[in-house]
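Residue-level listing of the chains:
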Amino acid sequence: MAKKMVHLVFPQRLIKKPVIYTMAKKYNVIPNIRRANITETVGEVTLELSGTKENLEKGRKYLERQDVKVEPIIGDIVE
Amino acid sequence: MSYVKGLKCRECGREYPKEPLYVCEYCFGPLEAVYDYERIKKKLTKELIESRPENLWRYKELLPLDGEQTCGLNSGFTPLIRARNLEKALGVKELYIKDDSVCHPTLSFKDRVVSVALSKAKEFGFNTVACASTGNLANSVAAQAAVAGLKRYIFIPANLELGKVVGALIYNPILVAVEGNYDQVNRLCSEIATIYKWAFVNINIRPYYAEGSKTYGYEIAEQLGWKAPKHIIVPCAGGSLITKIWKGLKEFKALGLIDRLQTKIYAAQATGCSPIVTAIKENAEIIKPVKPNTIAKSLAIGNPADGVYALATVKETGGWAEDVSDDEIVEAIKLLAVTEGIFTETAGGVTLGVAKKLIEQGRIPKDESIVVSITGNGLKTQEAVVEKIGKPIKIKPNIAHFEESVKI
Numbered sequence: 001m002a003k004k005m006v007h008l009v010f011p012q013r014l015i016k017k018p019v020i021y022t023m024a025k026k027y028n029v030i031p032n033i034r035r036a037n038i039t040e041t042v043g044e045v046t047l048e049l050s051g052t053k054e055n056l057e058k059g060r061k062y063l064e065r066q067d068v069k070v071e072p073i074i075g076d077i078v079e
Numbered sequence: 001m002s003y004v005k006g007l008k009c010r011e012c013g014r015e016y017p018k019e020p021l022y023v024c025e026y027c028f029g030p031l032e033a034v035y036d037y038e039r040i041k042k043k044l045t046k047e048l049i050e051s052r053p054e055n056l057w058r059y060k061e062l063l064p065l066d067g068e069q070t071c072g073l074n075s076g077f078t079p080l081i082r083a084r085n086l087e088k089a090l091g092v093k094e095l096y097i098k099d100d101s102v103c104h105p106t107l108s109f110k111d112r113v114v115s116v117a118l119s120k121a122k123e124f125g126f127n128t129v130a131c132a133s134t135g136n137l138a139n140s141v142a143a144q145a146a147v148a149g150l151k152r153y154i155f156i157p158a159n160l161e162l163g164k165v166v167g168a169l170i171y172n173p174i175l176v177a178v179e180g181n182y183d184q185v186n187r188l189c190s191e192i193a194t195i196y197k198w199a200f201v202n203i204n205i206r207p208y209y210a211e212g213s214k215t216y217g218y219e220i221a222e223q224l225g226w227k228a229p230k231h232i233i234v235p236c237a238g239g240s241l242i243t244k245i246w247k248g249l250k251e252f253k254a255l256g257l258i259d260r261l262q263t264k265i266y267a268a269q270a271t272g273c274s275p276i277v278t279a280i281k282e283n284a285e286i287i288k289p290v291k292p293n294t295i296a297k298s299l300a301i302g303n304p305a306d307g308v309y310a311l312a313t314v315k316e317t318g319g320w321a322e323d324v325s326d327d328e329i330v331e332a333i334k335l336l337a338v339t340e341g342i343f344t345e346t347a348g349g350v351t352l353g354v355a356k357k358l359i360e361q362g363r364i365p366k367d368e369s370i371v372v373s374i375t376g377n378g379l380k381t382q383e384a385v386v387e388k389i390g391k392p393i394k395i396k397p398n399i400a401h402f403e404e405s406v407k408i
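Top to bottom, those sequences are chains L and G.
The numbering of the first sequence is UniProt numbering, which starts it at 1 and goes up by one.
The numbering of the second sequence is UniProt numbering, which starts it at 1 and goes up by one.
Isolated chain L, as found in the complex:
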């Protein structure tokens, strides 16, 4: 079981959709939400995802296909 800490940024049109749940169910990934913040125009969720490496990668790609930005929690490190 691999683990990944990620930061998700949702555009407005996805805020009300169960995107994380769908991804988790589809790829057998366990989400563990640590922090979240929703405003009128954007939502962000910081969470840990557990699953097989392959499923974590599939889950990430799925989220990105839905137009969710999937970022490492430490931000960009190439300075």
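Please note: incorrect hints may appear among the correct ones.
[To be verified] Subject to a maximum C-alpha distance of 20 Å in a straight line, what follows is the list of computed PhoX-like cross-link-like pairs (lysine-lysine):
#1 K197/G - K61/L
#2 K3/L - K69/L
#3 K288/G - K17/L
#4 K61/L - K288/G
#5 K16/L - K288/G
#6 K69/L - K197/G
#7 K197/G - K3/L
[As the list claims (entries may be wrong)] Covered stretches of chain L, as calculated for chain G (at least 3 residues, CB under 8 Å):
#8 22-34
#9 64-78
Rather than coming from a laboratory, the hints here were simulated on the basis of the structure.
No experiment lies behind these values; they were computed from the predicted model shown.
All residues carry an ideal CB built from backbone N, CA and C; glycine is no exception.
Model the placement of chain G on the given structure of chain L, informed by the hints.
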């Protein structure tokens, strides 16, 4: 004797010991060094600071080491220049340039943070350091780790022109060029940082590394005669420098080293990569990551780690934010060169361009003290200006041709 108490989560406040940790295991918030200010107050005086050598370690009680510094012994204490020609050009009364384009050894403010990061890495017992960088950070880590006798890995995107990394390669690091786009390089490096027991300066050493930026703020206050200016314009990439300058000034105020603190801090970014400025202008709480597209490569961070804290700094101080186009960046670089004789890199063009804009907008009053942060040297980014500064006048080796060709 150490004055650092430990690390603390910037989000939930949970405390951690002084270890190479960077993220809160509960809320995944970033960690920050905390100090015993009561004890520092008893020791650190203006006189003590002034009696010390002119480098960033003169403020060592406010830096996160347990022992003595071992790296970057000549970094910092860069000039704060009264920019009288620029004052005239911009129509303002009191303008200063804090010039880190001459910071030692690699000509950018990164020498400050890397000095602290490598000293701390040695204290932790690491023998290998690493970073992912396309420029200034790579130069500084490569150089300072060479001096410190540390093994050094520098990661760059494979499509980066080799010319740009000469400033790192010369110090003989292990240079790893990762094939893939910027996001993939970011992702790989964060994975490498979790697997290998290295001191990755801006990942697992980040809480210590970032503290080095405070010295930029300390120096401004000390060089102004133990006073904080009314306005500081700061370039933003990851957003750390702006938050740390403010932290540094607040510490000076709390320690009684400056009497008053009414400084407004302004964030400067290039229009082609302005997630922090956009959030400030839109009064948003969340930073939306962007894909960078600007000549200001050293500020091209689309997903800034400290973006929300940069935003909070600007709000707390009553400052503002602005962005400038690539053309405006080049114009500002040229303006600084012809007025003050300082050749800055593109980030400096961003800062001065934004300062000019904010002054023209009336956001910064013309009769109050202003500090423009210049954080890197133009010799490193010559390609940004090479086509825009004219050409030499070619003449034959005789007086007649000289007089014919050159207007005197």
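Evaluation of the provided hints:
Between K197/G and K61/L, the direct Cα distance comes to roughly 29 Å. Violation of the 20 Å bound is thereby established for this hinted pair. The suggested pairing of K3/L with K69/L holds, with an alpha-carbon distance near 18 Å, which does not exceed 20 Å. Annotation: proposed proximity of K288/G to K17/L holds, straight-line Cα distance about 19 Å (limit 20 Å). Restraint check for K61/L and K288/G: the C-alpha separation of about 19 Å stays at or below 20 Å, so the hint holds.
Using a Cα cut-off of 20 Å, the hinted pair K16/L and K288/G holds, with the two alpha carbons roughly 18 Å apart. A C-alpha spacing of about 29 Å is found between K69/L and K197/G, which places the hinted pair above 20 Å, so the restraint is violated. For the hint pairing K197/G with K3/L, the CA-to-CA distance comes to about 18 Å; that is within 20 Å, so the pair holds. For the segment 22-34 of chain L, the proposed coverage by chain G is not satisfied: 1 residues have a C-beta within less than 8 Å of a C-beta in that chain, short of the threshold of three.
Given as covered by chain G, the segment 64-78 of chain L passes the check, having 9 residues with a CB less than 8 Å from a CB of that chain where 3 are the minimum.
Checked against the numbered hints given earlier, the structure breaks hints 1, 6 and 8 and satisfies all the rest.
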